Amino acid sequence: MKDISNDFKNIDKSAHMLIEESNAFKVLYFNNLTDNVSKFQVQLINNYIQLYFCTENSVTVAFNMEHCAITLKENDSSMVYFKDESMNVLITLPQESQLTVVLISLDFFHSLFSEENFLFNFKNFKIGQPIIEPKVIEKSVQLILSQLISIRITDSLRPIYLKGKVYELLSYYFNTSTETNNDHCPYVPNEDMVGKIKNAKEIIIEQMNNPPGLSELAKLVGLNIKKLKSGFKEYYGLPVFTFLLNYKMELAKKLLQEQQLNVNEIASQLGYSTSSHFIAAFKRKYGITPKQFAIS
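My numbering runs 469 ahead of the 1-based position in the sequence shown.
Simulated from the structure, these hints should not be mistaken for laboratory data. Hints may contain errors.
Claimed, not checked - In silico SDA-like links for lysine to any residue, alpha-carbon gap of 20 Å or less:
(1) Lys-670 x Gln-564
(2) Lys-508 x Glu-490
(3) Lys-667 x Asp-545
(4) Lys-667 x Tyr-741
(5) Lys-667 x Ser-640
(6) Lys-752 x Leu-572
(7) Lys-723 x Lys-760
(8) Lys-634 x Lys-552
(9) Lys-723 x Glu-685
(10) Lys-760 x Gln-728
(11) Lys-702 x Lys-542
(12) Lys-752 x Gln-738
(13) Lys-634 x Glu-734
(14) Lys-752 x Val-732
(15) Lys-665 x Thr-743
(16) Lys-723 x Val-506
(17) Lys-760 x Asn-733
(18) Lys-604 x Cys-537
(19) Lys-632 x Met-486
(20) Lys-632 x Pro-708
(21) Lys-552 x Asp-576
(22) Lys-542 x Lys-632
(23) Lys-723 x Lys-696
(24) Lys-722 x Ser-765
(25) Lys-698 x Glu-675
(26) Lys-665 x Asn-644
(27) Lys-665 x Asn-526
(28) Lys-508 x Lys-542
(29) Lys-722 x Asn-505
(30) Lys-508 x Ser-491
(31) Lys-723 x Lys-702
(32) Lys-695 x Thr-711
(33) Lys-604 x Phe-551
(34) Lys-696 x Val-663
(35) Lys-665 x Ser-699
Predicted model only: the values in this text are computed from it and were never measured.
With the hints as constraints, model all of the structure from the sequences given.
Structure, rendered in structure tokens:
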């Protein structure tokens, strides 16, 4: 009997699906901008190689039963395989956590790798034994993950862009070459830079009602403005204040769905001087007003 708490709710896949390539792969994205723990249930009706990437805080992922679980801390990933044709994946996200999930069909996976090139326990895979292999997320993979969820691109080009990023993600994830760990790679910020960029993100989120300007923010994190702007955009895929606006809008959606605050209260919580400014920003972003979103 499957031990599934009523706390877990089936996801609206359209809200969490970044891309779905028929008979190949699916990419789901979860984040929790609320003050409460969020729990989601993903029903898999086919067998997949499952990749989990925790990019903020920590998350717990359970398989069919809550006690059969793995915990991923920030910048942890895990490759998971079960022979089950169908299963329920139970995802627990505490406050300020993010999880990206890549589900790869077995046929597609076989098309990418020959038997001798499998980069995990092929013997267990072949006989259908479970596989759970943790792995630290390399900086190159961190960058691709941030680009998957942050880059803004026209609707017509988005499927092509995301598909390319998934292939890039898989190539880096399964690459065992030490070249991917090179801190001097010109396309990936070094560890010290990444720490300062993440600090900048934390500051603007904590002070979203009255965030510091770029000059002050640069001083607070120990970078010059040029490095802050270029490094932030490279890592998160967006300029600093575009990222903050997107964060506010995602938080607004969460608050509207909870239906515990009215539009004026949400506008105030997000730092808008008037509710009309908030309504206009929300409509520019999503094409509908907050009130229309709340009742949809």
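Legend entry - Numbers of unmet hints, in rising order: Per hint list: 2, 4, 5, 6, 8, 9, 11, 13, 15, 20, 22, 23, 26, 30 and 31 violated.
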